[in-house]
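J.: Chain by chain, the residues:
There are 2 protein chains.
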Amino acid sequence: MHGAEFIQDLAVIMLIAGIVTIIFHYFRQPVVLGYILAGVIIGPHTPPFELIQDDRTIKIVAELGVVFLMFSLGLEFNLKKLSRVGVTAFIAAFGEIVLMTWIGYEIGRYFGWKAMDALFLGAMLAISSTTIIIKALDELGLKHERFAQLIFGILIVEDVLAIGMIALLSGIAMNGSVDAGDVFVTVGKLSLFMIVTLVLGLLLVPRILAYVARFKSNEVFLITVLGLCFGFCLLVLQMEYSIALGAFMIGAIMAEARQLHLIERLIAPIRDMFSALFFVGVGLLFNPTVLVTYAWPIAVITVAVVLGKVFACGLGTFIAGNDGRTSMRVGMGLSQIGEFSFIIASLGLTLQVTSDFLYPIVVAVSAVTTLLTPYLIKWADPVSLRAAAAMPDSISRVANRYTDWLQHKQPEGDRAALFKIIVRIVAQVIVNCAMTAAVFLAGIYVFGVIEKHLAGSIADEHTQKAIVFAGALALSLPFLIATYRKLNALSQLLAEIVIGDGGHFVYGLRRLISEVIPLLSIAGILLLIGLLSARILPPTNMLMLLLLAAAIVTALLWKTFVRWHTRLQIALFETLEHSNDEKT
Amino acid sequence: MHGAEFIQDLAVIMLIAGIVTIIFHYFRQPVVLGYILAGVIIGPHTPPFELIQDDRTIKIVAELGVVFLMFSLGLEFNLKKLSRVGVTAFIAAFGEIVLMTWIGYEIGRYFGWKAMDALFLGAMLAISSTTIIIKALDELGLKHERFAQLIFGILIVEDVLAIGMIALLSGIAMNGSVDAGDVFVTVGKLSLFMIVTLVLGLLLVPRILAYVARFKSNEVFLITVLGLCFGFCLLVLQMEYSIALGAFMIGAIMAEARQLHLIERLIAPIRDMFSALFFVGVGLLFNPTVLVTYAWPIAVITVAVVLGKVFACGLGTFIAGNDGRTSMRVGMGLSQIGEFSFIIASLGLTLQVTSDFLYPIVVAVSAVTTLLTPYLIKWADPVSLRAAAAMPDSISRVANRYTDWLQHKQPEGDRAALFKIIVRIVAQVIVNCAMTAAVFLAGIYVFGVIEKHLAGSIADEHTQKAIVFAGALALSLPFLIATYRKLNALSQLLAEIVIGDGGHFVYGLRRLISEVIPLLSIAGILLLIGLLSARILPPTNMLMLLLLAAAIVTALLWKTFVRWHTRLQIALFETLEHSNDEKT
Chain E
1 MHGAEFIQDL AVIMLIAGIV TIIFHYFRQP VVLGYILAGV IIGPHTPPFE LIQDDRTIKI
61 VAELGVVFLM FSLGLEFNLK KLSRVGVTAF IAAFGEIVLM TWIGYEIGRY FGWKAMDALF
121 LGAMLAISST TIIIKALDEL GLKHERFAQL IFGILIVEDV LAIGMIALLS GIAMNGSVDA
181 GDVFVTVGKL SLFMIVTLVL GLLLVPRILA YVARFKSNEV FLITVLGLCF GFCLLVLQME
241 YSIALGAFMI GAIMAEARQL HLIERLIAPI RDMFSALFFV GVGLLFNPTV LVTYAWPIAV
301 ITVAVVLGKV FACGLGTFIA GNDGRTSMRV GMGLSQIGEF SFIIASLGLT LQVTSDFLYP
361 IVVAVSAVTT LLTPYLIKWA DPVSLRAAAA MPDSISRVAN RYTDWLQHKQ PEGDRAALFK
421 IIVRIVAQVI VNCAMTAAVF LAGIYVFGVI EKHLAGSIAD EHTQKAIVFA GALALSLPFL
481 IATYRKLNAL SQLLAEIVIG DGGHFVYGLR RLISEVIPLL SIAGILLLIG LLSARILPPT
541 NMLMLLLLAA AIVTALLWKT FVRWHTRLQI ALFETLEHSN DEKT
Chain B
1 MHGAEFIQDL AVIMLIAGIV TIIFHYFRQP VVLGYILAGV IIGPHTPPFE LIQDDRTIKI
61 VAELGVVFLM FSLGLEFNLK KLSRVGVTAF IAAFGEIVLM TWIGYEIGRY FGWKAMDALF
121 LGAMLAISST TIIIKALDEL GLKHERFAQL IFGILIVEDV LAIGMIALLS GIAMNGSVDA
181 GDVFVTVGKL SLFMIVTLVL GLLLVPRILA YVARFKSNEV FLITVLGLCF GFCLLVLQME
241 YSIALGAFMI GAIMAEARQL HLIERLIAPI RDMFSALFFV GVGLLFNPTV LVTYAWPIAV
301 ITVAVVLGKV FACGLGTFIA GNDGRTSMRV GMGLSQIGEF SFIIASLGLT LQVTSDFLYP
361 IVVAVSAVTT LLTPYLIKWA DPVSLRAAAA MPDSISRVAN RYTDWLQHKQ PEGDRAALFK
421 IIVRIVAQVI VNCAMTAAVF LAGIYVFGVI EKHLAGSIAD EHTQKAIVFA GALALSLPFL
481 IATYRKLNAL SQLLAEIVIG DGGHFVYGLR RLISEVIPLL SIAGILLLIG LLSARILPPT
541 NMLMLLLLAA AIVTALLWKT FVRWHTRLQI ALFETLEHSN DEKT
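Chains as they are written, first to last, in the working numbering: chain E, 1 to 584; chain B, 1 to 584.
Among these hints, one or two may not hold up.
Because identical chains cannot be distinguished in the list, a pair is counted as satisfied if it fits within a single copy or across any two copies.
Claimed, not checked - Below, a list of computed lysine-lysine pairs in the DSS-like style, where the Cα atoms sit at most 25 Å apart:
1. LYS559 with LYS216
2. LYS135 with LYS216
3. LYS378 with LYS135
4. LYS452 with LYS420
5. LYS143 with LYS216
6. LYS378 with LYS216
7. LYS452 with LYS216
8. LYS143 with LYS189
9. LYS143 with LYS378
No lab work stands behind these hints, which were simulated from the structure alone.
Let the hints inform the model, and build the full structure from the sequences given.
T.: Set out below in structure tokens:
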């Protein structure tokens, strides 16, 4: 009767978590710490004894907490929100991650830990805790102030960068080293995967959800949401990325569905239940004797987290053009580590590349910094006032001048509009190239399957290759045509700007630029695809024939392809530009 | 990486369940069947192959479905609703359970199955499926008609009786035989446990929930609800009852909390997720080849379920005083088996007393009868009309006369009020006796613990017994006093009715009856308690001393005890008589 054991264990966990949670809430301390403490009490390292029997199953189920936490984070991810605080968020988040990873790595090396431990410590210190910050700001009633909006922006960017970091760490842990080429390939593959799945997901998922929502059954809707969420995680696992990435991405895709509020309402209890289990699971792994053995590293790391994050986030916010007070508040708000650190710590343990002592240290640092968070937010104003008073006049004058200068530097009017158009076109070119590349990579995958299972049974290898290549080429034609048209528009725009108005000669030059450049780019893209798809390239004569056929088809069906593509594009923009107004 | 395996399995299940659910909902078929079919597809008995790797963990987690299903049923349980359709519901439900258990048992024996298989088959056929009926009535838009209310009443009574049946079946399965004495002891213990936990639960749980609700945090509230739910299940498991009983009872207790709507809103998604898993788990165990091998039993059982339930429930409803049309509609609505049958089937497998073929047979019967349910509800009217037309005049005249007679038989005015008062007093006496018994049983438990762990270290055995007995006596005094007072009131009332108004002699007789009977009853109760608590009875001289002390305390503190008890009683009634008006 293993089932009864598991349910008993779960009962013990829920009972103790419930009691501790109420006590923590009564003393106005973060509930998350209550869960961790409950885990410590239940766990094997504290008296009276291990209160649960089947901790294997509990740990397995607790991992669902990661799925639902990341899924919820994804639901709160919002391209519009992000664009409003975009520049600040990017600068601060990027600066913070680089600095904190470096500080963490250096601290690890200083204490003589092995390189992989130091690297994972760096990664664990890099990301602040969305859960804890949102709760603290909520309780202090500061959620709608501008610095809070900046903090949320930084958190979103951190989440995205963290996803990339998890992928990178897994790669490094598996290969044992960092190679610039590897990093490039990893980041490239990850970007390709993210762009393609986001585009396809945004086209499909909101439509599926809208269809199911018409049934007016919360149960069917919830099961569909869970089916899509877990189904996508399955795909991501097949691609050998982490489940955290998958849950976050499908959450971000569903964030664009009209039924967002319903999804949030249905998922919240499930997330709360499993995240409680997840944090209790964190506590289960915590051995309090580590607090004594590793008191010194814990103290150093805690100080480093608080000072490093205040400095990195504050400076990043300031550089991006905010005043000193706002920068200080942002920096002090972000000075803690939380759920992401636990996820990365689990990753290290799962991949068996980190030492056992790392996990409890990170839990301890997270507990201390979490407890400090509300006080740091409250202290931000007095500290920034005192800092301003203590600062030498010359520095503060330079600082003020920088802020002023930056505000005048912002592109305005026509220039800003032009800049926006260019950014938009470049983004569209990138997305279309990504779709083309994805089609050809899918072709290689299909060819691999054919080669494995149907070897020789359909046709000889050359014909197989030709068929797959032709299919991929046909599917990618709309995207290639779109790429050509966008590049055309872009180079005309650029030619206009660079050459200005002029005579006949200039007109010819402009035409040359605006038509030759796109063609050259397309040729370059085709060449790249040729290299990518080397495995399915048919022999030269066949290839020539296929390209000729493609050219004829393109010429004949140009308008049709453009229409198809435009329709897809409109569908995508519709999804992105609606508002989640249905409060069901 | 077992965790990844489990999450992959869950992902496969959720994905397939999501797809099948949408398809089933599109064709307006019960979603529950969709889950079961998804389980069959995923399971090992159908091509392509077993799609999940770690089915042990899946099955363990699926058992949580039982907890949440029963908890939700408990939340819908309502004493007020029940009292409105009480008599009909009790007669129909009791008749149905007895008849169906007997029919099931006989069918099992007819096919030559062993006695335990036949008995479990009977139990599986006894209870109709709340989930499926509610969905069917909802979809047909008949939820608020009178026959639907009767159906819900019968379902509630069935749920309660089923709980008793599960306890009995476990007992029989463990001992191998049915003994009238055992049944009496089992039912007595179960009733005692249910009364005591309901009283204590109703006093404590709504107050705890009201306190936590003031935090205005859905997360803390949910974790508290889960903590209470699982904590109570833990207690129930300790008492060696099933977790289904525990979840149902704590649900029924929470149904009296003011925050019922919030609880329902937070629990619904979790229940939907785990009940989906539970039904998929049912499908996993289903081997379609059984359909062929056991085609004949399945057909016979299906026909027996439909005809037997139409007959038993219809007749019961009619006997309780409803017209023929309503009775037919009630009977046809209840003609299926569902989640309870699976729970009992699992019980049999877990206790290893039933054969493997029973589970798939029940799943098949459930699937067919579930599919029939909406049609049966629709056909109820035409069938009852045709039955009325085909019925010989003499029978229909007798039937009509019965209905008329019964309606005149209902107690009215003063008599009805008097009857209500008597029922109420008897209920209070039973509850107070139950509390007294519980206090002494707890005393025995405490003494057992003392004997085991502190043997000889505190005092000699006699003193230990005396202390424990004194404590139990002191704690039970308020309940004993209340019992005496209620009995007093009851016998005065009865004396009034029996003897009527009369002279001096009658007055004396009345006083005699009204004072002697209660004293005798109390003496009887004390004697019973003495027998119950034989293990902690101190030696006679000490006992006499203690009883004398108790008598003195009673005399001195009579009013205080009465005040305490009244306060508790008021608190209990307050909980029961509020309305769940807070739609948060």
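J.: Could you run down the list of hints and mark each one as holding or not?
T.: Structure-based check of each hint:
no.	hint	result
1	LYS559 with LYS216	neither (40 Å within a copy, 58 Å between copies)
2	LYS135 with LYS216	between (32 Å within a copy, 13 Å between copies)
3	LYS378 with LYS135	within (14 Å within a copy, 52 Å between copies)
4	LYS452 with LYS420	neither (48 Å within a copy, 80 Å between copies)
5	LYS143 with LYS216	between (33 Å within a copy, 17 Å between copies)
6	LYS378 with LYS216	between (45 Å within a copy, 23 Å between copies)
7	LYS452 with LYS216	neither (45 Å within a copy, 59 Å between copies)
8	LYS143 with LYS189	neither (37 Å within a copy, 55 Å between copies)
9	LYS143 with LYS378	within (13 Å within a copy, 54 Å between copies)
The structure does not agree with the numbered hints 1, 4, 7, 8 stated previously, though it agrees with the rest.
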